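Next come the chains, spelled out residue by residue.
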Amino acid sequence: MFRPLLALLRRDLTLALRRPQDALTVVGFFVVVVALFPLGIGPDPEFLRSLAPGVLWVAALLAVMLSLERLFSDDYRDGTLEQMLLVPEPLGLLVLTKIFAHWLITGLPLVLISPLLAVQLNLRPDEIVMLMLALLLGTPILSLIGAIGAALTLGLRGGGVLIALLILPLYAPPLILGAGAVDAVMHGASAQAHLSLLGAMMVFALFATPWATAAAVRIMLD
Amino acid sequence: MSERGIQWFRFTAPANFYDLAGRLIPWFAALTIALFAAGLYLGLVVAPPDYQQGDSYRIIYIHVPTAWMGMFLYVLMAIYAAIGLIWRIKMAEVMAKAIAPTGALFTFLALWTGALWGRPTWGVYWVWDARLTSMLLLLFLYLGYMALHAAIDDRQRASNASAVLAMVGVVNVPIIYFSVHWWNTLHQGASITVTDAPTMAMIMFVTLMIMVLAAWMYSIAVVLARARVELLERERNARWVQERLEGGKT
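Protein chains in written order, with the working numbering: chain R, 2 to 223; chain Z, 2 to 251.
It should be emphasised that the hints constitute simulated quantities derived from the structure, not laboratory data. Small disclaimer: the values here were computed from a predicted structure and weren't measured. Do not take every clue at face value.
[Unchecked claim] Just the calculated beta-carbon pair ranges, DEER-fashion:
no., chain 1, residue 1, chain 2, residue 2, range
1, Z, PRO49, R, HIS188, 53 to 59 Å
2, R, VAL162, Z, ARG24, 26 to 32 Å
3, Z, PHE10, R, ASP79, 39 to 45 Å
4, R, SER197, Z, LEU117, 54 to 60 Å
5, Z, GLN157, R, PHE3, 32 to 38 Å
6, Z, LEU233, R, ASP23, 42 to 48 Å
7, R, THR26, Z, TRP123, 17 to 23 Å
8, R, ASN123, Z, LEU45, 53 to 59 Å
9, Z, LEU45, R, ARG158, 32 to 38 Å
10, Z, ARG24, R, GLY80, 36 to 42 Å
11, R, VAL162, Z, TRP88, 29 to 35 Å
12, Z, LEU21, R, HIS188, 48 to 54 Å
13, Z, PRO50, R, GLY43, 58 to 64 Å
14, R, ASN123, Z, PRO49, 52 to 58 Å
Glycine included, every Cβ here is placed at the ideal spot set by N, Cα and C.
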């Protein structure tokens, strides 16, 4: 049963590696957005530091959102997605595999590049570790929830803008918890509760969103 | 299926629903006007001013009903959407779509009146209070639902896709509410909220309930009217539409 899923994962990763500019654009967007904030706010290091968790999280969230359109659109255009409906494996698992591949291509690089930007915004080492941990737990949630929006806007005019309206309100909880975790460490409090809730949210999203996404894909390909 | 069940399902047939709604709307509209008139008279003239907030508290007679309706209609919309998606009942799809604009309107009014109330009470139009923030996100959820519905040309697909969104949204509403609440208490002390008034004068309570009922009646009348129009559009090639429109009985 897992062999087809592994094949799908390998295929998606291979496709992404053959066109690395797609993934790099997302990382580039993340870096540029974060770099723009000091220009707008002013260079005061302490002030930037206090804004850093929110700025980094919002930028990461927008970067993930920007990449969502590509999650299904290529497969939709060349008919691969339609073939996936005919495969004996449950569509939910196939979708989950695609989301996992998507996270490896876009979410993980964001986590890995985040310390560099955090240093620019004067975060301390323990805060940076917490930021990475929170992003590591949070970016999969963003990909999982976002997949529903990506599926619902398949083949629509102006789908990219529509995804933002559909998905961003749903991103509020991970944003609050993720930025809150870094904030807590910054103020010398424990971030245990934030991380626990983020983890719980990820498990719930892992369980529920692939099926909602699969239902959406079925509807849009109907 | 019992006899009562059959009676009930009669109105899932578009033609029957259309006629029933046409007969009910005038009644609900009349009730709306009567209740609003009574509620506004009691609220603006009869009810005494609040000893702390003076006359500015009177906006709760609009604010509280709209806020309740805004939240409740989202749940109702999601329930109808789910029924439409799962059992393929066309009327439920129509109802879900018809509820969305009214719910969005009420949510917007709740935010608007909240801002107007906040200015004299808190000194600012907007604070990032947990309630305000989650209502704002609720408004975005409504707008997303309507935007998705409008973006898909095929009616059936539009109904199904936005039904999935409504269901995802309704699961998220409590999560959003609690996380926003938690975020708020982390960042600042709890603000004064409307519902903190523990002892409410009887006349105020009665007036508030009348206004809530008025908002209910208004919602029912408007949603039914919108559902009728939507039905005519959907079923424009059906015979029952031709019959009713030609007979001049709309």
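Hints, one by one, checked against the model:
1. PRO49(Z) / HIS188(R): 53 to 59 Å: Taking Cβ atoms as reference, PRO49(Z) and HIS188(R) lie about 45 Å apart, which means the hint is violated.
2. VAL162(R) / ARG24(Z): 26 to 32 Å: violated, 42 Å
3. PHE10(Z) / ASP79(R): 39 to 45 Å: holds, 44 Å
4. SER197(R) / LEU117(Z): 54 to 60 Å: violated, 39 Å
5. GLN157(Z) / PHE3(R): 32 to 38 Å: holds, 35 Å
6. LEU233(Z) / ASP23(R): 42 to 48 Å: holds, 46 Å
7. THR26(R) / TRP123(Z): 17 to 23 Å: violated, 43 Å
8. ASN123(R) / LEU45(Z): 53 to 59 Å: Since ASN123(R) and LEU45(Z) have Cβ atoms about 55 Å apart, the given range 53 to 59 Å holds.
9. LEU45(Z) / ARG158(R): 32 to 38 Å: violated, 47 Å
10. ARG24(Z) / GLY80(R): 36 to 42 Å: For ARG24(Z) and GLY80(R) the Cβ distance comes to about 50 Å; the hint is violated.
11. VAL162(R) / TRP88(Z): 29 to 35 Å: The hint (29 to 35 Å, Cβ to Cβ) holds, given that VAL162(R) and TRP88(Z) are roughly 33 Å apart.
12. LEU21(Z) / HIS188(R): 48 to 54 Å: About 60 Å separates the Cβ atoms of LEU21(Z) and HIS188(R), which means 48 to 54 Å is violated.
13. PRO50(Z) / GLY43(R): 58 to 64 Å: Because 46 Å falls outside the window, the suggested range is violated.
14. ASN123(R) / PRO49(Z): 52 to 58 Å: holds, 56 Å
The structure fails to meet hints 1, 2, 4, 7, 9, 10, 12 and 13 from the earlier list, while all remaining hints are met.
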